[in-house]
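Got chain F sorted already, so can you dock chain P onto it with the hints?
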Amino acid sequence: MTTGTVATEGVRLVYRRFSAFHRFNHYLVMTSFFGLVLTGLPLKFKDSYFSQQLMNAIGGVEAAGFIHRTSAVLNILYFVLEAGYMAWYVAARKGPIFSDDSIVPGKKDWQDMKGMFRWFFGRGPKPALNRFTYWEKFDYWALFAGTVLIGGSGLMMWFPEATTRILPGVTLNVALVIHSNEAFLATGVIFIFVHFFSAHGRPESFPADQVIFSGYLPVEHYVHERPLEYENRLKDGTLDQVVTLAPSPQRRRMFGWITAAVTVFAFLAATYTFLLIIWPLVF
Amino acid sequence: MAGGARNSVSGLAKEFTFLMRWAFSAFVLYLAALMLVAVPALAQTQTTVPETSLTDRCLTCHRQEYLGRLQVDEQQKDLYVDPAAYKDSAHGLLPCNACHTGFSHDPHQMVTNAEFFAETAGEACRNCHDDQFEMYKQSYHGTLTRDIASDGVEAPECVDCHGTHAIQEVATLEYRQSIQDVCGTCHGGRESTFLDTYHGKAITLGREAAATCVDCHGAHSILPISNPQSTLSRANILSTCQQCHPQASQGFTTFLVHITPTSPKAPVIVFLVAVFYLVLIIAVFSFGGIHTLLYIYRGIKDGLYFGKGGH
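Residue numbers (our numbering), protein chains in the order written: chain F, 118 to 400; chain P, 1287 to 1597.
This is chain P alone, in the form it adopts within the complex:
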């Protein structure tokens, strides 16, 4: 019976070997199937083609200068966006709909009523700059409305001072150099008198620390000087000057920034000195010029310059 037992043992071994071969084949097939499915998937996650950003999709059309303007109620909206200026701006990494909150459709529906813009203006900025927006709301600018008929003026909103697509960091020299022009858009004439002071000359020529409009008048929380809360009110002006001039006294604050010396509206002493110099400079330069020209004329006529000489 021992032989039969041996036979049955060898039969079992055969059975086992067959099973092993089958299992191995199945395993290989399984691996092959896995590779067929998983490797392309893995490869795909490693070399993803960058998804087109929303900004790029919007710019597909809005980079075209021939897009022209859109009439929205009373206003002309320029549809062109300079891609380079936007990407270099402080917001260059934000998608368009971070500010244009109503425009999630792609392609979007045309918006042709001003109410839509009025609702989103400011509110869009507020999403990130809430502190500044609250200060603005308390300021003189914030109390005005966009209705010229009721206020006599049109309230400036965030974008009127900061710009839109080319918005810059406010601490840059370029932006600081443009501030008086921004303010001058509505407060015309004030920028030229500012530019004639040392502050104005220094900022124009590149001294970033030189004070501009907002350093004295305030920015988001700006108020008329007549308002006691103003940075330039009687109570506050000294501490405003002292931000840069710690040694300043009350007398220091009576320096007049916005005057034209040659205008009769200037303080009489300034006006008289300015006119005196105007007359003196014209008189001296005219007399000196005539004297010089006549001297040269006589020198040439008498041949004194070269040759026989006057010596």
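Pulled out of the complex, with its shape left as it was, chain F reads as follows:
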């Protein structure tokens, strides 16, 4: 503390990374995605033991279809909100679009990735990461683009009669291939290969990173995790925009419980996905 006064015992400073809007959007996409994967995977892997068990447990194919469509509507709502936010961000010039600080991929991401691989093999230090890392950008844009593809093809199959009034029937063949494969890709990326690892499996986040639920992370972590953003803000004098007092202990505890609950659910969902896919290959 530069003022020279002794910091009061218990005062905690946090870095506010996500606004209430972004956290809400994550809740929305998270719950709807779980609902979609739960009821969609059994169709792709229809011969798996777990597919039949799941269908029986939730009350049959019709019930699964209802859950799938309800979740789809929520998922589309996420997309509309996020796209609206993007349009507003650009139109109102809320912030930089192509700087290192933004979510748009740039040259630095390529350098960061090479730097990370050097670090993996012990041939260099861990690169100084900015506000959004390259894997976070991949996650964000893959989901955004994936929602267009899965949502679009899904709507075509939801309303096949209306679709084929305008387009030829082979459109539905293409829609099924896109929907099925893109959804499988998204499930793998989110549940196994990229997102869950980034949120739970990295040494920096293990066993769970609660920043998307609470919106903040302790400044000590921030300084180490996003050193470049910290340095830039220190230089520009904009650190006070993002550093605030920590929420009350009750709120901190609440976010802890939410994170724990989601972590358990995420673990179960990943296990379900893994078993469902592996089962027919083994038995």
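Calculated from the structure, these hints are not laboratory results. By construction, the Cβ of each residue, glycine as well, lies at the ideal position given by its N, Cα and C atoms. The reader is advised that the hints may include incorrect statements.
Computed footprint of chain P on chain F; a stretch qualifies when at least three of its residues, placed anywhere within it, have a C-beta under 8 Å from a C-beta of chain P [as the list claims (entries may be wrong)]: (1) 136-142; (2) 169-179; (3) 290-296; (4) 315-324; (5) 344-352.
Selected chain P positions facing chain F (Cβ under 10 Å, derived; list incomplete) [claimed, not checked]: (6) S1525; (7) Q1529; (8) Q1533.
Same frame as chain F, now just chain P:
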């Protein structure tokens, strides 16, 4: 004379009493005889021991799995009948000779020529299901013969699609779920492409209303698509789709059920999209997997997970 008259009156009374006693005794004897004959007869009608049914008599031998097979000309006839499966079947209450019309002897003579079976096959079903049999006779299947040499194929008969002793109601989920395998016996490969469509996935997972082969192609009156009378001919396909999709238009009918997206025979757009995704999924999962494993390796090696931490 009055006394004599009194005597004669009393004599008559004695005579009458004697007659009455005799008649009473005879009546009792008659009743006893009646009971001796009638009661056992009555008792018998009330507690009849159930007559052994014909089915049970046949199954005495045919429930034995070691009965094996019988060579009938070219064919192997399995002589074993699973009693539980038969009694649970749609025909479970019928006696054997309702279908096996030639077998009234008990025990029967061995039948070792195929002509006998050829005569009774279909004809037996026809006794109850004449409408279906007539439709079948008009269908493509019905015009074929059992002679492979002349047609190149062997005509399916009732039992080839419906089964024999374990025959099921066609409206049950179990039977509907087996239809593509029944058709696939001869039309191999078509069942797997069907199963990859939403209809196939839904019926597999238990949605009874999902369309199977027969809902589009027809059942007893099935004809090749090239035949104008076919349910899937150019003229009829729309009304066939509209049975379940009332809003369907002509464009709807051009959806392709029997294609394998990753086969070059599929429409080029479907093939290209399918191959693109195959490559993309392999690339993304491989890269993501390697990146993840290396990250974990570095994290463990540098002791970042527990203790000093990377924060």
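Cross-check of the supplied hints:
no.	hint	in the structure
1	136-142	violated (count 0)
2	169-179	holds (count 6)
3	290-296	holds (count 5)
4	315-324	holds (count 5)
5	344-352	violated (count 0)
6	S1525	violated, 14 Å
7	Q1529	violated, 13 Å
8	Q1533	holds, 4 Å
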